[in-house]
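Q: Sequence:
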Amino acid sequence: MSGASGRVLVVDDSKGIRQLIKVNLELEGLEVVTAVDGAECLDVVHQVRPDVITLDVVMPRLDGLSTAARLRADPRTRDLPLAIVSACTQYEVESGLDAGVDAFLPKPFEPDELVRLVKGLLERSDRRDGVCSGG
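Mind the numbering: the sequence shown is residues -11 to 123 in this note's numbering, read in order.
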């Protein structure tokens, strides 16, 4: 048992990728909510209240980099850890950093790489929120 906890919003226009990410994170004890593109992500983020968001880059309606920039511009979501999970080009990495993305995972990826990345972002989120396990 991993002891992981947290809610992850997975944003990808590929149903297969959404399902792959969802299953692997749920096996680690995480709650996963999915969105099909950046526009849906922005529609649901305040109801879902995720601890981490993973974003594909190329999506219809609103791409991942624009979504990241909008999340960073909103005081309610500006500190949410964001990871780009995409076949990242150097331009996308640089643009992602400019938009405030915290981490990148290139597709194709190994499931254990995904789990490590998300758990690392969850730990950073806990520290940022001032969560203390001591007593």
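Incorrect hints may appear among the rest.
[Unchecked claim] Heads up, simulated SDA-like pairs for lysine to any residue below, C-alpha to C-alpha not over 20 angstroms straight-line:
{"no.": "1", "residue 1": "K95", "residue 2": "E111"}
{"no.": "2", "residue 1": "K95", "residue 2": "S83"}
{"no.": "3", "residue 1": "K3", "residue 2": "L93"}
{"no.": "4", "residue 1": "K95", "residue 2": "L85"}
{"no.": "5", "residue 1": "K107", "residue 2": "D67"}
{"no.": "6", "residue 1": "K95", "residue 2": "D31"}
{"no.": "7", "residue 1": "K10", "residue 2": "L85"}
{"no.": "8", "residue 1": "K3", "residue 2": "V21"}
{"no.": "9", "residue 1": "K10", "residue 2": "R104"}
{"no.": "10", "residue 1": "K3", "residue 2": "P96"}
{"no.": "11", "residue 1": "K3", "residue 2": "C76"}
{"no.": "12", "residue 1": "K3", "residue 2": "S83"}
{"no.": "13", "residue 1": "K107", "residue 2": "S83"}
{"no.": "14", "residue 1": "K10", "residue 2": "E28"}
{"no.": "15", "residue 1": "K95", "residue 2": "D67"}
{"no.": "16", "residue 1": "K3", "residue 2": "P99"}
{"no.": "17", "residue 1": "K107", "residue 2": "L15"}
[Unchecked claim] With beta-carbon atoms standing in for the labels, derived distance ranges:
{"no.": "18", "residue 1": "T77", "residue 2": "S(-7)", "range": "16 to 26 angstroms"}
{"no.": "19", "residue 1": "R66", "residue 2": "E111", "range": "17 to 27 angstroms"}
{"no.": "20", "residue 1": "G88", "residue 2": "V32", "range": "13 to 23 angstroms"}
{"no.": "21", "residue 1": "E111", "residue 2": "R37", "range": "29 to 39 angstroms"}
{"no.": "22", "residue 1": "Q35", "residue 2": "Y79", "range": "24 to 34 angstroms"}
{"no.": "23", "residue 1": "L50", "residue 2": "F92", "range": "27 to 37 angstroms"}
{"no.": "24", "residue 1": "E111", "residue 2": "G88", "range": "17 to 27 angstroms"}
These are calculated hints, taken from the structure and not from any lab test.
Treat the numbers as computed from the prediction; the structure is a model and nothing was measured.
We put the CB at the ideal spot given by N, CA and C, even for glycine.
Q: Can you name, in rising order, the numbers of the hints this structure does not satisfy?
A: 1, 6, 7, 12, 13, 15, 18, 21 and 23
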